[in-house]
Structure formats: C-alpha cells, structure tokens
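Peer 1: In order, the protein sequences belong to chains A and B. Just so we're aligned, residue 1 is where the first sequence starts under the working numbering, counting upward by one. Just so we're aligned, residue 448 is where the second sequence starts under the working numbering, counting upward by one.
Keep in mind that the hints were calculated from the coordinates and are not lab data. Don't be surprised by glycine CBs; every beta carbon is placed ideally from N, CA and C. Please note that a few of the clues may not be correct.
[What the hints assert, rightly or not] No farther apart than 20 Å at their CA atoms in a straight line, the calculated lysine to any residue pairs in the SDA-like style are these:
1) B:Lys532 - A:Asp315
2) A:Lys79 - B:Ala529
3) A:Lys51 - B:Leu503
4) B:Lys535 - A:Ile61
5) B:Lys500 - A:Ile61
6) A:Lys311 - B:Lys535
7) B:Lys532 - A:Val27
[Unchecked claim] The following residues of chain A were derived to be distant from chain B, with all beta-carbon distances above 10 Å:
8) Ser2
9) Arg28
10) Val41
11) Pro146
12) Asn250
13) Pro349
14) Met352
15) Glu355
16) Lys427
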Amino acid sequence: MSDGLFYLLGGIAIFGLLADIVMMSRVRLARAGNLIGVGAVLLATIATLSKFDLWSSPWPISALAAGVILGLAGAYRVKMITMPQTVALLNGFGGLASALVAWSAIDASGQFERNAALLALSIGLLTFTGSAVAAGKLAGWLSQKPVILPGHGPLAVALLLAMLLGIVFNLPCLVLIASALFGVVFSIRVGGADMPITISLLNSLSGVAGGISGIAIGDPVLVCSGGVVGASGLLLTQIMCQAMNRKLSNILLPRGAVTVTGRASAASEAPSAEQPPWSEEALASALCNAADVIIVPGYGMALAQAQGAVKKLADRFIERGAKVRYAIHPVAGRMPGHMNVLLCEVDVPYEMLFELEAINGDFKNCDVVIAVGANDTINPAANTAEGTPIYGMPVLSVSDAKCVVVCNLDTRPGYAGVPNALYTHPKVTLLTGDANASLDNLLKILG
Amino acid sequence: MSPYALTLLFIGSAVIGYFLIRNVPSLLHTPLMSGMNALSGITLIGGLIAAAKGSLILAAMAIILAAINVAGGFGVTDRMLAMFKSGKEKVR
C-alpha cells in the first residue's frame, strides 16, 4: 500500500472518530456513533495490516483474532452491575498494550522518539497497575477504604521523580519499576466516592499513553486518537472534580485524611422545627396525594440492587397520575453517569432523568422526594458546614420539597464522613434497612 | 512524519476533542467513557507496527490486550446505549 493511500485511510479513520464523538452528544445518534467508531478502528487496522504486509503473518493475525473474540465474549457476558470494574479493567489492558508498544520502540534512533517511548511506557504502565487496583476495589477484592501507607505522600513524589529521571537519562528498567509502583500507590489511597474521578483520570491517561507511544513509533492515527481520548478523560475528570468541589491535586497527592471539625456537627443539628415530624397517616396521605415526585438515586441503590423496586414505585406514582422525575447527581455512584445506566437497564425512559442543574430549582415545587441510597449528594451540610470535605460541593436541595423520604441502609455518615443533617430534619422520614424492603413498604402505602 | 509534527498533532487533536466532548450530556457519561476507553485500544495498530518491525512476542501480547480493549469496550458501550430508550420507544 502506498503512503498516500495509507494516510488517506488514516485521515478517514480519524474523521470517523470525531464523528463518533459528535454523535455521542445525542442519545438517539449515540449507538450509531459507536458503530462508526468501530468502523474507524477497523479501517485503521486494515490500513496498517496492508501497509506492513501483515495479512499473511500468523502471529499478529491470530493475536488479533484471539483478542477480538475474548473481548466480545467478555463484553456480552458481563453483568451491567459490574460495569465500573469492567471499564476499569479494559482501561488497564489498553494502558498495558500501549506500554508494550512503547517498549518495542525504546531503542528508536532519535533521542526524542526514545524519550517519547519511555514516557509512554511509564504512563501506560501506571495506567495498568492503577486501573487494576481500581478494578479490584470496585469488584470488592480489595478494601474500598483508602489505604494510606506510612509516608505515602513522599513515596509518591519519590516514585514520580524516579520515573522522570529514568525517562530523561534513558533508564528503561527504572521507569518500568517506578511507574508500575506509582500506579499502585496512586490508586490504593483512593476510596469509594472518589472512584468516578480516579476512573476518569485513568481513562484519560490510557489515551495519553496511546498517543505518546504513537509519537514514538511515528503513527499519526494513534497520535490523534490518543489525544482525543486523553482530552475526553480529562474533561470528565474536571466535571467530576467540580461536582465534588475537590481539587485534582487533593486526590493525586495525599495530604492526610481530612478531619471533620466541630462546625460540621453544629451544622447537623436540626433547624428549628417549623412543623412536627411526619406521622404515619400524614406521610401516607402525602404520598397518596403527591402530584409531583422526584426520585434521587445514589450508590446505595446500586449496592442494594434496588433499581427495579425504584422503577416499580415510580410506575405506581405515574398510575396515580403523578409526574415523576429522577434527579441525578453527577458523582452519584462509582463512575460518571453510573445511575443513568442502572435506571435505563430497568427501562426507565431517559427523558425522566434530569441533571443536577436542570432539576435543583424544582425541589421547592415538588410534593414528595424519595431518596434511595443517596447520602453525601443530598447532605445540606455541604452548604453550611465550612471546613468539612463536602463544603461547597453542589448538592441536590431535597429539603426544599414538602415531604422527603430517605431510604438508606443506616444513619452512618456517607463516604465524606460528614453527618447528614437531613436525618434529623422535620420534613424527612427516614426508612433504614434494605432499600428493596423500604421501597416495598412505600408501595404498600400507595396501595 | 517527524516526531515534532506528531506532537503538534497530539495537542491539536486533544484540543478539538475537548471542545467536541463538552457537548456530551451527563446522561451519556458512562457510554462516553467506555467508548473512549475502547478507542484507546487503537494502540492495537501500534502493536501491529511493532510486529512488522520484528518484536513478535511483545507485539503479540500488545495486540491481544489492545484487541480485548477495543472489542470489549465497543461491545459494552453498544450494550449500554441499547438500553437508553425514550418513553415512546418503550410503548412500541
């Protein structure tokens, strides 16, 4: 294949990737966009196979076939509930593949290429080990709690420095060891609710590793797609950080655990009682007469696998003539958009899912809020308790509603460790225990 | 292409990607992430090039891993996107 044709096909493939992203911004076009992405990768693969006359070499072709079969078999077999760890694991594979590609180019002729190869090697490897640890945490094989080693901060910085030294002075083995360890040290200290940020960041890094290994081996298609994936992950990371009001540096570089100050507990005191707590009859009548209902899902819903019960309750409200909407906090769950996937799986139409900004003003007009397994994302302390980890984080203002039912497993603080002022709020009825049972009780009240 | 031109290409595509991705609604953040994750497996062609240059075992490992990433990533993305249905589609 001539160089001209190769670059033309490469250009078409890159155009396809961009079309994929543009179509991803519309729900109806997204699936077709994904297929265009498949086509683009296929085209780039065929062009590369032809240019380097690889069609008849048994090794690469059989490796390709084996990978595709394994990948597809896995993709159609995994359960939706395991999606966060599946994405993390796949991401790790991509990172490791880029690291291997980079390793094949560390003896390149030019100094610039050699440095690029080492840089790609380090980012690819730390993506792999970091993703593996993240996947392990998400799957429950490792503790979801942050693990902080003695001297964690200095250790991370030292590893990072060793990595940079290895890259600058051409020491592949040092890069190998330091980056692999750095990935572990980085991921191991991230806890449950910071996972959406970590996963987005690792996603970005796998793209960057691919792009830079593309520079090392001189392939423009790889470079472009790496750049796009890197940007996508970075943007998601930014969105997740904003949604939690956290700086990326706080998650990257350990600064020790944040302690909850006295002001937080002060904020968790119930505001002056404007009305007595809901009696059973009052609650039943509020539920039965509700015309406008907002459901707020959180990670607890995923843990309890209560999305089916939530849908059932929503359907009952709709049968009774109520308007039902879902309020989705950007960081609810363990990956960006986690709640949307769970709810769509049980056939909730996507028009009923609303983002934080789109629905937050409507709580004051709504009759009933049902929060299922949500904690930090609805904690009013975020507005008042200065000095706590969640202070300044945008939260769903559920207490604006007339009646709030919270179905949580227990009254322990959420991941951020800040007591939830809602639990003692006069408007709130707290149903502790398994969310499925709590939702079933509500369903019985509705009759 | 010279590595310096490629570096510029890397930065340019990241900037274009950033502005295109900003339009993706948070509703689709998971499929976006897994779709982009699948795309990062395009390092597959890097593996093929490495194979052409002679490092066979290394390349074969890279190809298998990247192919799993691509096929698996696009597969789960398609499965997820198939679930996103509007109210009208459900009635049908």
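Peer 1: Each hint should be assessed against the structure and marked as holding or not.
Peer 2: Hints, one by one, checked against the model:
1. For the hint linking lysine 532 of chain B to aspartate 315 of chain A, the alpha-carbon distance of about 16 Å falls within 20 Å, and the restraint holds.
2. With a C-alpha separation of about 14 Å, the suggested pairing of lysine 79 of chain A with alanine 529 of chain B holds against the 20 Å cut-off.
3. For the given pair, lysine 51 of chain A sits about 17 Å from leucine 503 of chain B by alpha-carbon distance, which is consistent with the 20 Å threshold.
4. About 44 Å separates the Cα atoms of lysine 535 of chain B and isoleucine 61 of chain A, which puts this hinted pair outside 20 Å; it is violated.
5. Distance restraint check for lysine 500 of chain B and isoleucine 61 of chain A: the Cα-Cα separation of roughly 15 Å lies within the 20 Å cut-off, and the hinted pair is therefore satisfied.
6. Between lysine 311 of chain A and lysine 535 of chain B, the direct Cα distance comes to roughly 17 Å. Compliance with the 20 Å bound is thereby established for this hinted pair.
7. Only pairs whose Cα atoms come within 20 Å are accepted, and lysine 532 of chain B paired with valine 27 of chain A is accepted, the gap being roughly 8 Å.
8. Separation of serine 2 of chain A from chain B is adequate, the least Cβ-Cβ distance of about 15 Å exceeding the 10 Å criterion.
9. Distance check on arginine 28 of chain A: its Cβ comes as close as 8 Å (rounded) to a Cβ of chain B, failing to clear the 10 Å threshold; non-interface status is violated.
10. Look at valine 41 of chain A: its CB is around 5 Å from the nearest CB on chain B, not clear of 10 Å, so calling it non-interface is violated.
11. Once the 10 Å rule is applied to beta carbons, proline 146 of chain A is consistent with being away from chain B; the minimum gap is 22 Å.
12. With a cut of 10 Å on Cβ distances, asparagine 250 of chain A stays outside the contact zone with chain B, its closest approach being about 22 Å.
13. Distance to chain B contradicts proline 349 of chain A as a non-interface residue, since its nearest Cβ pair spans about 4 Å, not more than 10 Å.
14. A beta-carbon of chain B is positioned within 10 Å of the beta-carbon of methionine 352 of chain A; the least distance is around 8 Å.
15. Interface exclusion of glutamate 355 of chain A from chain B breaks down, the closest Cβ pair being 5 Å apart, not more than 10 Å.
16. Residue placement check: lysine 427 of chain A keeps its beta carbon more than 10 Å from all beta carbons of chain B (closest about 28 Å).
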